[in-house]
Every structure is written in structure tokens, then in C-alpha cells.
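Trainee: Please arrange chains B, C, D, E and F on chain A, whose structure you already have, making use of the hints.
Chains A, B, C, D, E and F, in that order, are what the protein sequence lines are. To convert, count from 1 in the first sequence and add 135; that's my numbering. To convert, count from 1 in the second sequence and add 135; that's my numbering. To convert, count from 1 in the third sequence and add 135; that's my numbering. To convert, count from 1 in the fourth sequence and add 135; that's my numbering. To convert, count from 1 in the fifth sequence and add 135; that's my numbering. To convert, count from 1 in the sixth sequence and add 135; that's my numbering.
The hints are all genuine.
The list treats identical chains as one, so a pair stands whether inside a single copy or across any two.
Here are the simulated SDA-like pairs of lysine to any residue, each with C-alpha atoms no more than 25 Å apart in a straight line:
1. Lys287 / Thr162
2. Lys287 / His311
3. Lys161 / Pro355
4. Lys287 / Met359
5. Lys161 / Leu390
6. Lys161 / Ala279
7. Lys287 / Pro355
8. Lys161 / Gln332
9. Lys161 / Asp356
10. Lys161 / Leu391
11. Lys287 / Gly256
12. Lys287 / Arg352
13. Lys161 / Arg352
14. Lys161 / Arg351
15. Lys287 / Gly360
16. Lys161 / Arg276
17. Lys287 / Arg351
18. Lys287 / Ser143
19. Lys161 / Val140
20. Lys287 / Asp356
Bear in mind the hints are in silico, worked out from the structure with no lab data behind them.
There are 6 protein chains.
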Amino acid sequence: MPGPVASSAAIRLQLRSWPEVEDYLKTCKGVIVPLGSTEQHGPTGAIGTDALTAEAVALEVGRRTGVLVTPVQAFGMAEHHLGFPGTMSLQPATLLAVIHDLVLSLARHGFERIYVINGHGGNIATTKAAFAQAYGTAADRGLASAGALRCKLANWFMAPEAMGLARELYGDREGHHATPSEIAITLQLEPSLEAKQRPLPEAAPAGPIHGPDDFRRRHPDGRMGSDPSLATAEHGARFLEVAATALAADLERFLLDPQA
Amino acid sequence: MPGPVASSAAIRLQLRSWPEVEDYLKTCKGVIVPLGSTEQHGPTGAIGTDALTAEAVALEVGRRTGVLVTPVQAFGMAEHHLGFPGTMSLQPATLLAVIHDLVLSLARHGFERIYVINGHGGNIATTKAAFAQAYGTAADRGLASAGALRCKLANWFMAPEAMGLARELYGDREGHHATPSEIAITLQLEPSLEAKQRPLPEAAPAGPIHGPDDFRRRHPDGRMGSDPSLATAEHGARFLEVAATALAADLERFLLDPQA
Amino acid sequence: MPGPVASSAAIRLQLRSWPEVEDYLKTCKGVIVPLGSTEQHGPTGAIGTDALTAEAVALEVGRRTGVLVTPVQAFGMAEHHLGFPGTMSLQPATLLAVIHDLVLSLARHGFERIYVINGHGGNIATTKAAFAQAYGTAADRGLASAGALRCKLANWFMAPEAMGLARELYGDREGHHATPSEIAITLQLEPSLEAKQRPLPEAAPAGPIHGPDDFRRRHPDGRMGSDPSLATAEHGARFLEVAATALAADLERFLLDPQA
Amino acid sequence: MPGPVASSAAIRLQLRSWPEVEDYLKTCKGVIVPLGSTEQHGPTGAIGTDALTAEAVALEVGRRTGVLVTPVQAFGMAEHHLGFPGTMSLQPATLLAVIHDLVLSLARHGFERIYVINGHGGNIATTKAAFAQAYGTAADRGLASAGALRCKLANWFMAPEAMGLARELYGDREGHHATPSEIAITLQLEPSLEAKQRPLPEAAPAGPIHGPDDFRRRHPDGRMGSDPSLATAEHGARFLEVAATALAADLERFLLDPQA
Amino acid sequence: MPGPVASSAAIRLQLRSWPEVEDYLKTCKGVIVPLGSTEQHGPTGAIGTDALTAEAVALEVGRRTGVLVTPVQAFGMAEHHLGFPGTMSLQPATLLAVIHDLVLSLARHGFERIYVINGHGGNIATTKAAFAQAYGTAADRGLASAGALRCKLANWFMAPEAMGLARELYGDREGHHATPSEIAITLQLEPSLEAKQRPLPEAAPAGPIHGPDDFRRRHPDGRMGSDPSLATAEHGARFLEVAATALAADLERFLLDPQA
Amino acid sequence: MPGPVASSAAIRLQLRSWPEVEDYLKTCKGVIVPLGSTEQHGPTGAIGTDALTAEAVALEVGRRTGVLVTPVQAFGMAEHHLGFPGTMSLQPATLLAVIHDLVLSLARHGFERIYVINGHGGNIATTKAAFAQAYGTAADRGLASAGALRCKLANWFMAPEAMGLARELYGDREGHHATPSEIAITLQLEPSLEAKQRPLPEAAPAGPIHGPDDFRRRHPDGRMGSDPSLATAEHGARFLEVAATALAADLERFLLDPQA
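So here's chain A without its partners, still in its complex pose (with noise of 0.2 Å):
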């Protein structure tokens, strides 16, 4: 673990040279993938929260690890928001191709453990998918880092003290989707948000999640559950912190520990 950092710029690897990375991985062979999504999130929600939020608290947990963060990718599995403008998804087997050639690319220069933070769910199945055809390309193409190779998916939304923090806050309009959580940590992030705040209807309730048409049928305004409107920039801080305090000891565990 190389340790805390004074500011983000020192952790993303965008701003490293490589021989920097070069560097890096003579004493760490881990590496931060924040993933996210473009996909609407309510009637009031930034379209951009899911890669806002999991590179926000990627970012957190590289300064406060020193272990490098890659450009988040933006663009994730949202099939099922296709009906409201403004979307875009990457189809199942695309993301999963995604994931496969960034997890290789990182694999050839010797990463053993890859460690993805996610903001949104519908990435969650398509990731781990992918993660599993990796591992067989990486043995497949005789990499020296095949055997070695560990990826983890990092849902920072689900870390428990996070949702604990969200339970304490909103109770049950926290809600599925536009949830306030994710809402307030994108106008902690960009102020310019907090002038689509406002008062909501009650949001129609989480139900299953099947194709575009049906989830719009269901969800007319986008919303699961949630009350967005309850979310500050304040709560915003608190869930980054607690979710880069949790994500940043998990990934302790993930590097540090042979078992892990």
C-alpha cells in the first residue's frame, strides 16, 4: 500500500507518466477502475450521477491509499432507462468486452489486483460476467500476471456504512433509484445541482426490473422509491466520507491480504 497522498492529481493515472506507472508497480500491483453510467436519474436528477459519484469516491479512496485510479468509464449497462432521454447504454456483451480489454490491458503491464468501483447497479452482473472471461484470456494468452490476477467489484453504494448512513438519513425514501444518497453526493460535487431541487410526488415504488418500455410503464418519472429531495450537499460529504473510509479499508484487505 503506498499510503496517503496530499492531493488526487498524485493517484490518476491520467495524469502519470508511464514511467511513472513504471514505477508503481516495482512496490504496488493494484490499480482503482471507477465505473459508472449515463442514464437518467428522476425528474431532477444529473444524468451523470452514477460516473460523478463513483469517480468521486474512487478518487477519495486512491488519495487516502495512494493506489492509482484510472479514468472512470463513463458510459455502463443501462438498457432498461433507454425510455427517458438523455440515456445511453452500452448492450450487455459490449460492457462486457469493456471490462474483458481494460482488465487485460492492466494485466500485461503486470496489475494483479484490479479493483472496481461502481456507482449503478445494472453494472454489477455485466462486470462480474466479464471479469470471469477475463481470467480465462489472461491464462488463454499466457500472461505472467494470469495466475496472480484478482479482480474485485466494489459497489460503493451497497458498502454497509453507507447505506446504514442513508437508512439514518431517509429511512425508506431512500428509495432504489435517483436515491437521495447518490443525489446528495452529486450536489456536494457540482453546487449547480442543487437548483433542480425541489419538492417531488410521491415516487412510484421499487418494482423488478425488466426492458426500457416496461421500467417507464412503471416508473413514469424515473424515480424507484425515492425522495431526492431530501438529499444536501452536506449529507453529499458525509456519504463520501463514509464511503471511502469503507472502500478504502476494503481495498486494505484486497491488496494486503493473501486470502482476500
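Mentor: Just chains B, C, D, E and F now, kept in the frame of chain A:
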């Protein structure tokens, strides 16, 4: 809901003719698809465990509800078990295509509720990804049933009632792979498997799942914290009973509740 | 050649444990993979006919030779039957990937002779294409067994002995789909199917096979020149016998003859 | 059927303009697609044999019938010949996509009868699989011609008349690859090939076809039981004649017989 | 053309809600998609250069025109840079699928002018191929916008004004990869990058681009004939200005000129 | 460089035997692959123009240099021309796979310099993408030639000498599709095409290329600003001469210059 039938022969799609299916569709748009895997189940467990159990639960749910049951897809995503002889795995991208094609075939005929009864944790991610892909294709092809199509994944071993019984019978010796609960069902289904049962040393603890070499290193005999020697055929009968009861009720909600 | 076994339980891969397969591979590198289809078989035939017959022949060949039999892949390439309710088809590209992945799984463990017993004409082309793709991948991955890997497709219904018996029993009423010979085997395997048997009008003659709409237009009840009402369970026993005899001999040559 | 034309220039799609094709489609919906391969043909045979022969037969069939002939797809599925320098092969999945796309292009313009004249046994399986895939796509895309679309594979070397002539001229020295019959046609087409002709030792007998290494081990000089030294250009003219006669009649049935 | 906005927050799709996008589409069918890469940029350049610059130019073009800007796709086709640690590449087939899916998502909502602002030469070929694939799919799916859909690739670094400025400032020391012009923009965007700037030895000359090993052999430190030490943040501001001016004008033509 | 040969028969791969190719590889690792397209070329141009011209240039380059020439891949990426009858197009993903497989076949045999002579602008992007994909696969498969493999795309119509001659002969009536320069070569190759030549009205100006419907709307007769009526066979001979001269020199550098 067609209602209970006397024998599973009445609800096995394999034993129906096409005019019988045509008739069936006039009153019921639901269908059960059992999904298994063919993979190592520890030093004493049957390689077919996941397909045998999924099919048995599916047939019993079908018998109780009268809902048609398709043949089992016996090969699933078992890449991480490929370090053990006998495991046969579809790559994630392949299983995704299989489930996609099966859902599309059924949707073309007018089936609107596809209920996949699954016996293998490794299939979950890919199957969910496949559902998302299938909804998109159904719409792209302009299928009449596209708007009404709903797929649901039901993992029998994760039904609360089944997990409760496992906890009651085995406590923490249930483990996570080659579990006594699933082995119990196979003993009930195939008495010849009894001959393999024997006391086993303490299993390696369940850990995270990565590639096949990593898996075998962590779990040298294939078990993940389980003690399958505790399983009995009589237990198996009870697991079948609770799983079928739980899933039949779940299927009923899926078919009858417009919000399901 | 391991030699005959008392019951099919002894050669079903599903009922073996991985150490048993490991042992098996010390003396035999052969394995049987049954391949079927799930598709309409005329107004009185079972939708599962091709999978049921392929599996039954495979198990009987396994019993006589002691060669392991994997689970049946019950879904095949049946695109042209999709005009009839109940048909479930994998697109050719999907079935190609399935067979490819199964062969590669087996080759990885050291199996060198993959003997596919097939019950459906529509699978032939795609399965052969998949073999060619699999040989390439086995070499590309550097599998130890790549150079020795051989796959063979055995269509039980095209064994000269089976075709001879069909001609003897049914003459030109055997036809080409939903044939009395395959229906006979299903009657032998599943007595409940007897109830569907009834006299049928003259079937539309067999013609070329194109797309599903064209197929249904040519063959309105799904039959291609066949009279399945001639089938009896007793015939079915004879077909199983001659098919198993023929394929067991063929398998023996495949395993023992270095030129095979 | 447009009827015979004076020279092949009149029926080569390559030499037509699009308005001429538009006119053609007003009276004929048929088209011939020659399909070859680029692969070793023994120590004295031309690597282009399969493409040269398929194209020559196709042009002669086109000349006699007036049916348009597309350019030859000169690369086919020749994976098993990759052990010999000069072989260029498309993987099965690739050739499947090629044939699929070509059929769909033609169907989009209103062609309803696609007649593929093939010169290579290794293409058969994949081409048939591609037809099945293409029918599905034509329907999925809602092409006007989808319902009427029919594809047929015609392997000139398997026409009974061609096989009869080969038997008559060469008996069992015809063999199965780098056969005198196909070499004869190339001698007729390209007199410079005569210079390669020379007596050859007895060829390795034809065996089953598996991967490229296995193939080369069995057939060290690339021939499968054939004696191409028997071929003469005059024979080639006769093979062209009988193949074209047989396929022209077959094409006529395909175009004119609504049951074909 | 919506017209200039005060801050980039107003045109970032990530910060819009779906009803805002719905409103936007009533008056403008255009959208900007920034496309970058994550790859080595010489011994002193930032790995994120191509994504950072593409996004910065895109946001400035958006600010001046009021046209919406989607999140940047930060991973592109950088296979030839995989010999340097830190490079993350999508295979061409994967990037093709990504661009295809993003275009289709936007077209589904009614966007008709997709303007991709690209920061990496290696993306050009694949992106153009993806556009062709996307037009076909849009038509195949019967999208309302299919007939009107137009995609355009704009490489900011190839705008004549940007190339002119580079020539003026750097002459032939601009080179072809890790160029001072692109590095200059990153210095302007991220002042912390200044610390990496240092004099560098003469770079290897630009050569043709083949595989990653060949690339590293030719260009041992990653540069292709460039001298990034000449770059300054002030230059970067000028490059942003000229690139944005040029592309804004180009975008205006693309949106307003029916012949564009 | 093998050096000039008397006739093209000596360098056509189709007319070589595999031992001849084996010998060739002892002294030369280069090979020419002609790539064309089958697509409308205006109201008077031949649909095969791009394949005919690419093959003719390739054979002439081969004749002058002694470098082997493979068969032409006559079908390319012509999606945008699919609005005109007779166009046959491979989707970009398909052409990518074709070029990939052909390069890999050649690399397997030890060819290290693949020189693709292309006759169609629409192939450029996809072919370049395919090269990048092929380099990766060659390395992944561990091919002996992987490190030395280089592919180059040579578009004869973009050779400065060819463009100069076109400007000299036709000025701005050369246009961008169905150009007099390419038509001239076809007249030289196929005198029967002369009969189609006739004065044409002013062509629609060249515009950007999007989907097939858009293309046909912009260019109702298929031409893009060109006046093919200016073409003569004598011009064609000159274009063949200058293109072959330019590309032979370029090929020589590619084969002999270690920096090429």
C-alpha cells in the same frame, strides 16, 4: 395459473406437442427454464449437482403450478471450476448468447413470463446480463410480446426457506460450494450417489472467486467451507419441498401480480 | 476402452465426482457428448424428441463401452422450426460457441476424443463448423492435448443399420422429420407419449429447408413426409438397440484406431 | 429464367451497372454466388483450385441460364489446411458472417433465390449454418423479401454426373482432396499449371479431418488418397461441361419450381 | 443552434436531467461526444492526454454553441501503445461496439447529428467503421431517426488552424505522438503536470505504426518525433482557443447545413 | 525482393503449389493482398470496379517486383451503397474479421510484410482497425512471426502520381466515387464495358457519407461529383502504369527498409 398436475409428464415441454403448447398459451404465458451447470462439487459430490437440482426443483414447481418446464440447460458458466477434471463451462459471452436465444425463442411464441430456476451461483451474473440483452432484441425485432416480456431469475438455494433449513441442519458447515444442502438433493434423486459419501477433512474456507488456478489453490479439493458428508437423502426431500414451496409461491406472484 | 458397465449411472459424467474423472482419464481419453434439440415434431410428436433420443442412445453406447457420457445439450439449432410454438432454438453462431466451449473444456482436462451423438439434422452443419473453430483455439491456447484432439459427429438416425430398420418397418413413410423411428424411441422411453398417437392425414412431402415461415408454409403440421402413427414402443426398443450397436462399434474404432 | 447469353460478360455482376441490376430484378430474382477457398492442393496442385473451379462452373451456369453471377468469395473455411504454406483461411465464425452479410445484401435488393456454387467441402457446414442465420436476420429486419428468401448450396464436385465422370476416369484414384477432377479443371482454365504435373507417389489414404497438425501428420503432402497426375486439361473441359449441365438444371428447378 | 452559454455546466449532459434533455430535443438534434484514449504520451506526458484534451475542446465547443456534450469515452483503441505501462486499450472490435451502442442510444432519443470530438489518431479508423455499422442497425431497428441520422468525426488536432499553430510554434518538432500541442493543452488544464516538463533528448522519428512490440522498438520512450518540452500552458490556451473556434464553426455547418 | 517476372502467372498465389510457397518464403516474407468492393459505380460504371482495379494494380505490382499476390477479396465494406441494387457489402465487424483472419493465416506461415492493395475508400477504416486487432492476436497466439509482423494499406487511387494524373486529365470532374480514373482502368481491363459509356448530366456534388438512404438522397444516380464519361481505355492503361509504378516503389521500401 394452470394449477397442479398429477405428474411432471404433464408439464414437461419435452413431452408436449406443438399444438398442446399452442393451446397452453391461450391461458398461460408463463414458462419455467431450469438452468444448471456441469462442474466439480468436491471430492464426493456429483459433477451434475447443479443441473440435477435445478431440474428437480423446476419440475416440482411445475407440478404444483401447472406451468410448463423446458429442458434444463445443463451447461453454465463454470470457468472458475475448470481446474478440476470433468468441469464443462460456457464462457460468459456464450452463456449470455444461449439465454438470450432461449428467451427470444419463447417470446416469439408469445410467452411473456420467463422464470429461470437456477442451481448455480456462477450463472447469476451472466443470466441477468442476458435478460437485459434479450429485452433489447425483442424490441428491436418488433416482437408482439416485447412490451410485456418479463424474465426472472430464481436461485432455489437462495430462497430464504432453503437457506433457513440449511442453517438449521448444518449451521456454518453448509459452506458455499458442494454444500450439504445441494448434495442432499442429489442423494434423494440418485440413490447411487450415496456410495460416494464419506467423512471429509475440514474444508478450506470459502474465499473470493477469481480464476480457475486461483480457485484450485484456495480450495484444493473443490469445496468452499462445506461439509457435504452431513447430507442425507431425507434432507434432500425436505430441501426439495421447501424450495418448491417457496418458488411456486414466487412464480405465482410473478404470473398473477401485474406489478411483479 | 473401459468396457461395459452394469448401469448407466456408472458412466454418467453428472454422477461422477472430479477425482473419479481424474482416474478415468488415466486409462481413457474418450467422452460422449449427447446433442439434441427442442423443437416441434409434428402434431403428435414430443418437442423433446431429439434430445431424448440422443441422450438415450448415448447412455446405451456408454453402458456398452464404459465411456463417459456428459449431460445432453438439449437446445440446438432449430431456427427453421420457430414457426411452431414450443420450439426453442440457438442461433447458429450461438450453438457454434457452445460446442466450441464444451470441446475446449474437455480438451483442457486431457480428453482427446470427443464423440458427439446427435439427434437432430439441423445441428450437423453448425457442429462441424464448431469443431474446426475448436481445433484452432486449442492450438492457439497451447493446450497440451491440442495436437491429439479429435472430434467426431455421430448422427444416430443416419447410422446405416438404423436407416435400414426404418426402411424395413416404414418404407417411404419414414419421411424426414417427426419420423416414426425417432417417435418410436420416445414411446419406448416415455410411455405417457402413447396417448398422443393417432392416425394422421398424409403429411406434406419433405422439401428443402429454408426459413421458419417458409417451412411452416410447406409443412403445415410440422411433419416432412412422415407417418409417426406407425411408431410403437417396441419399435423404439429395436431402434435403440441397432443405433447403440452401430455407434458403440464406431466409437470403438474412433478410440482405438490411430487412423480413425 | 433469363435464358442463355452469348458471353459471360453479360451475366457477371461485376460488369453490370446498378440500373442494369434494377432492370434484371424485374424479371428474375435469382443470383449465383461462387464460393471457393485458398488452400494447399497437394504438391502439384494450385492453391487457388477451389476458387478457380467454383468461379468457372458458376460462370458457365450463368452463361447457359442468363442468371447473374456475383464475384467469387475466394477465401473459405480451410482451417485444417493451415499446416501448409499458402493456405488462407477464414475461421468458421468469420465465414458464417461473410455469407450472412452477402445474403442479406442481396435480399435487401429483392433477390429471393441465392444459389451458392461451392468448390470446397470445408465450406459446406459453415455455409449451411450461415443460411439459417440469414433467414432469421432477414425476418428480424423486416425485409420485404424475407418470407420468400431461399438459399441453396450447390457443390459442383458432388453433382452425381461429376462424380460419375470422376469414377469413370480415375476410379478410386480420384480420392478426396487435390483430386484429379478438380485439378483437371484448373489445367483447362490455366494452361501454365500443366508444368507442375508430374507422377506422384501413392497418396496417404483419405482419413477423417480434424485440426491442421493432425491433418498434416495424416497427409504429409496434402493429398487425401488422390492421384492428380491423372488429370488433363481435356478432362477438365469435360468436368466443366457435366458440372455446368447438372447445376444449370438444378438452378432452373430452384428458380421455377415453387416447391424447390 | 442553441447559442452560447455562460458556463459549461449548462451543456454537460452529465449535469442535465432527463426532462431537460427532452426539452432540448425540441429545438436541437445535435450532440457532442468527446472521445479520448488512455495511453502513454512519452516520458513526460500524461497518460490521460487524449481524453483530457478531447473533453476540454468538446466542452469549449459546447459552451460556444450551446450544444450538449456527453461524458468523454476515456478509453479508446491504443493497442500499439500496450508496450508501455499504464496504457489501457479497447480492442478495435470492442471500441466499434462501444461507439455503435452510444450512437444507437442517442438516435433512439431522436438525436440526429452525432458530433464526435476525438483526441487520438488511433481511434479514427475504428470510429468510422462504427458509424457505418450504426447506420445499418438504426435502419434495421426501424428507428424513427434512422433516415436522418448523421455522425461526424472531428479530430481537433487535425483542424487546419490547430496544425497551423503547431507548425508556427514548434515547426517539425511537433512530431506525431506526445506532441507539444497536445501536451500544452494538458499543462493548461492541469498545472501540476508542469512538474514533469524537462528537456528531452531527440525523439525517435515518427514511423509507421504496427504492433506494440514493434512500436516500442521504434520509439523507445514513446515519442514519435516530438519535443513536448517546448509546450507551455500559455500555448495550451491558444490551442484550445483555435481548436474550439474551428470545431464550433464546423459543428454549426454540420447542424445547420442540410448538405453537411 | 524477388524481382520482375515475365507473367503474372508466376506471382499469383492461386497458381502456386504449397511447396512453391514454402520455397518462396525462404527468400521473401512479403505478400500482396488485393482488396476490393462490389458496389454501384454510378449509372454507367461496373459494380465490380473496385475489385477489378485493385486486382489489376496488384498483379502489375507483383509482376514488377516478383512478390506473391493472393486472390482478391472482392467484397468489402460498402454499407452506404446498399441503397443501389447489386451492391454487396460486408458489415464493418465482418470485414474486420476477414482481414484479421487472412493476416493471421499468412503470419502463421511466416509472412511478415502484408501489403494490402485497396481499391475502395470505404474499406480503409475497417482494414486499419483489423490490422490493430491482428497484431494483438498474433502475439496472443505466440506466433513466431508476431514481433516482426507488419501490415500496410496501399490505396492505389490515393497514390500522388495517380491523383496527379487524374487532375491533369479530368480536373475537378474526377469527383469522389465512380471517378473517371477508376472507370478508365475497367475500360482497359474489360472492353465490353465501353458500351455503357455515354454522356451524363452533371453529377450531384460529393458530400459527406452517412447511411445508405442518406447517400442515395444526396447522390441519386450514385456518382459523387464525377464525370465517368471522360474515361477512356487508353487513360486506364496510363493509370495502371502510374499506380503500379508508385506502389511497386512503395512496396520495395516496405520490404527492404527496416524502418518502413
